[in-house]
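**Student:** Residue numbers (our numbering), protein chains in the order written: chain A, 928 to 1180; chain B, 928 to 1180.
Don't take each hint at face value.
No distinction is drawn between identical chains; accordingly, a pair holds when it is met within one copy or between any pair of copies.
Result set (BS3-like, lysine-lysine): computed pairs, CA atoms no more than 30 Å apart in a straight line [what the hints assert, rightly or not]:
1. Lys-1009 x Lys-1132
2. Lys-1087 x Lys-1068
3. Lys-1132 x Lys-1068
4. Lys-1056 x Lys-1068
5. Lys-1056 x Lys-1132
In case anyone wonders, no lab produced these hints; they're calculated from the structure.
2 protein chains.
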Amino acid sequence: MLIDVNLISPLSRSSPITDSSPYEVRRAQELNNLLGPKGSTDAIDLICDLHNTTANMGLTLIHYTTSDWVTLARTSQTKITKVPVRVLVLDFPISDAYNFESVSRHGFSIEVGPQPHGVVRADIYIIMKEAVDLTIDWIHKFNSGTVFEGGDVEAFKFIKSVDYPRDPETRTLTSAIHPQLQDRDFCLLMRGDPLFFTFSRETVKPLYDCEHTHTQTHTHTHTHKNTHSNAIKHKYPCTQCNTHTLIHAYTFI
Amino acid sequence: MLIDVNLISPLSRSSPITDSSPYEVRRAQELNNLLGPKGSTDAIDLICDLHNTTANMGLTLIHYTTSDWVTLARTSQTKITKVPVRVLVLDFPISDAYNFESVSRHGFSIEVGPQPHGVVRADIYIIMKEAVDLTIDWIHKFNSGTVFEGGDVEAFKFIKSVDYPRDPETRTLTSAIHPQLQDRDFCLLMRGDPLFFTFSRETVKPLYDCEHTHTQTHTHTHTHKNTHSNAIKHKYPCTQCNTHTLIHAYTFI
């Protein structure tokens, strides 16, 4: 990851650079000048930002409210079989995003895990390399006029984040993800499934209807699973919540 | 981990504290004053230092050239069944060690993994809790005069560390652990087994006889497997090396 998640914000792009400016702000402006400016017609067509995570996410393509990458996702799901390939749609236009890839006009990111911070695992490296090679190959085909076959892609959508249980005074965490849930990213959580395991050895279950979650690390992010065709169709408000059958979640670091 | 590995050295214990002294040196002296002084008859009987690691070590009891903890290890191996319980003997007296537990007269450490840095996994927490509970129970029994049954314990011994392949000029890593070896800590490596996977997608195999290794992260540490009775018997030089059958290795971060 070249740059932190919030640093391509309007503030970081326009702050005057001084000797005391943090490296990240300086670097954000450099990259925005080099590859953007963000939101302009001069911006580069595509930045694909590569991430890894401690969460058991497999290979996840993350993009914005756009159908740009649906056929790439379908290609990746067909050709990469060692790990699950998923699609996560962040339900806002790329112009509102702060991630590095949002500097470009059609940016998206590839997230692969699990891999601890500071560790390089060959299996994760190989999967990311395959995804990058497929992306470059897809772009070459796209640029040469290839018409890709249409079809559906299962996609997850961000709903909201849920924090860990914390001590009300110190705000320190009082629990970890329940062992039955750990590493089961993107699996369906049913009402009453164990959610957290407190350090006093109690199990915490969800007490609400539509707020199941699953994550490995610091915060929870809820997603809905929808089926996206080449033209993404949003269905809000999502009546599926009432059935408790299509709530999915993931971790995004 | 309360304190870094090299900070209970003679230097850190005797350095004059100034306003610019690093926190770790200051804390090392505080702990040495509180629980030591190291090597003195005033030192506390036991410090058990708890560590976790990204390596797939299961539960590993690490101690020095002493038979103090053989019966505890046997008890742990009997009662903890969710993960492998191993014993690693650092082949030098505790007085020469720099780890935090070396401040005490009979210190040892418990290492549990895999767990990424900055992440708390409930399964790892539960295993560590079981090991600590067993240790405390064992100490109560020991202090009340219990005579423990004798027997053998399989133990691993540190031999030497082997670094990753690096670029000869920049010294940056040029490979990761081979996927066939990743996560197989403490498994036997045979001559010719794949060892590293270079970022140019080549496999590196060991070219030497007696220097097999297995690790997950930064450096490799070779160990020999011996069987220890209550009185540990060292057998050097180890003729087992010539058979290539009893060389084991582990990762220690």
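**Student:** The structure should be examined with respect to each hint, and the outcome stated for every one.
**Tutor:** Results for each hint:
1. In this assembly of identical chains, Lys-1009 and Lys-1132 lie within 30 Å of each other by CA distance solely across copies; the values are 24 Å between and 32 Å within a copy.
2. For a Cα distance limit of 30 Å, the shortest separation of Lys-1087 from Lys-1068 qualifies neither inside one copy, at 36 Å, nor across copies, at 51 Å.
3. In this homomeric assembly, Lys-1132 and Lys-1068 never come within 30 Å of each other (Cα to Cα): the closest approach is 48 Å inside a single copy and 38 Å across copies.
4. In the homo-oligomer, the alpha carbons of Lys-1056 and Lys-1068 lie at most 30 Å apart inside one protomer (18 Å), although the nearest pairing across protomers, at 55 Å, exceeds that limit.
5. Taking identical chains as interchangeable, the C-alpha atoms of Lys-1056 and Lys-1132 lie at most 30 Å apart only when they sit on different chains, with a minimum of 22 Å there against 38 Å within one chain.
Of the hints listed earlier, those the structure fails to meet are numbers 2 and 3, in rising order.
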